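Enquirer: Now for the letters of each chain:
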Amino acid sequence: DAKTTQPNSMESNEEEPVHLPCNHSTISGTDYIHWYRQLPSQGPEYVIHGLTSNVNNRMASLAIAEDRKSSTLILHRATLRDAAVYYCILRDVVPPLGNRDDKIIFGKGTRLHILP
Amino acid sequence: KAGVTQTPRYLIKTRGQQVTLSCSPISGHRSVSWYQQTPGQGLQFLFEYFSETQRNKGNFPGRFSGRQFSNSRSEMNVSTLELGDSALYLCASSLVNHGTGNSPLHFGNGTRLTVT
Numbered sequence: 001d002a003k004t005t006q007p008n009s010m011e012s013n014e015e016e017p018v019h020l021p022c023n024h025s026t027i028s029g030t031d032y033i034h035w036y037r038q039l040p041s042q043g044p045e046y047v048i049h050g051l052t053s054n055v056n057n058r059m060a061s062l063a064i065a066e067d068r069k070s071s072t073l074i075l076h077r078a079t080l081r082d083a084a085v086y087y088c089i090l091r092d093v094v095p096p097l098g099n100r101d102d103k104i105i106f107g108k109g110t111r112l113h114i115l116p
Numbered sequence: 001k002a003g004v005t006q007t008p009r010y011l012i013k014t015r016g017q018q019v020t021l022s023c024s025p026i027s028g029h030r031s032v033s034w035y036q037q038t039p040g041q042g043l044q045f046l047f048e049y050f051s052e053t054q055r056n057k058g059n060f061p062g063r064f065s066g067r068q069f070s071n072s073r074s075e076m077n078v079s080t081l082e083l084g085d086s087a088l089y090l091c092a093s094s095l096v097n098h099g100t101g102n103s104p105l106h107f108g109n110g111t112r113l114t115v116t
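Chains as they are written, first to last, in the working numbering: chain A, 1 to 116; chain B, 1 to 116.
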């Protein structure tokens with residue numbers, strides 16, 4: 001069922017950039033790529049999403065491969081507060097009451113450790 | 001703007017009982033989805049509602065049900081509780097004007113259910 005594949009865990013040093021990869025080889029043309037992160041004892045938090053072009057916001061950047069079969073979440077300067085589980089998911093553009101199956105599949109995500 | 005509110009925060013029930021969890025979405029959000037999170041299975045999709053209609057359902061038994069009210073608030077119910085139902089139950093809301101793909105999910109902090 002899993003539509004995305006992510007490494008189980010990654011480590012990075014504080015104040016350095018972090019590149020979190022996600023593979024989605026069966027992505028369809030109408031799938032958006034979403035990233036969320038979950039800190040301990042909290043619900044997941046939206047980070048960024050995109051369709052084809054690279055996207056930037058105050059939290060992170062999203063780099064999408066030209067064939068869209070993979071993407072990378074970039075944290076430009078990691079802090080200890082960025083230690084979390086990061087999830088990459090696909091969401092199809094389905095009308096709210098459309099009849100296409102659009103289960104939301106999260107997978108296990110990547111646990112990011114930040115070293116001080 | 002208030003975030004997604006889930007009540008209660010913690011709940012302890014015994015096997016065989018039933019439980020109802022509540023989710024108040026962000027004002028203006030018409031879509032609510034529910035998830036079960038356990039250490040072994042990760043974050044699993046239960047169902048999604050839009051305008052009081054269930055538009056999507058995950059692979060859970062019929063003991064898990066939900067509904068959405070006209071004010072977009074949602075409840076989920078689990079009947080005949082089993083030990084394996086112990087989990088963090090999360091709900092998320094999204095705006096969903098034209099389609100689901102381009103609408104970020106906004107999560108609450110969950111209800112921690114313990115079944116003894």
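If you're looking for bench data, these hints aren't it; they were derived computationally from the structure. Being a predicted model, the structure only gives us computed values, none of them experimental. It cannot be assumed that every hint is accurate.
Claimed, not checked - Which bits of chain B does chain A cover? Going by a derived footprint, with three or more residues having C-beta under 8 Å, they are: (1) 28-42; (2) 47-54; (3) 106-113.
Glycine included, each C-beta is placed from N, C-alpha and C at the ideal position.
Enquirer: Could you run down the list of hints and mark each one as holding or not?
Expert: Now for the hints, and whether the structure bears them out:
1. Evaluation of the coverage hint for the segment 28-42 of chain B: fulfilled, as 5 residues show C-beta separations to chain A shorter than 8 Å, against a requirement of three.
2. Residues of the segment 47-54 of chain B lying with their CB closer than 8 Å to a CB of chain A number 4, which satisfies the three-residue condition for coverage.
3. With a cut-off of 8 Å between beta carbons, the segment 106-113 of chain B has 5 residues touching chain A; three or more are needed, and the interface restraint holds.
In this structure, every one of the numbered hints holds.
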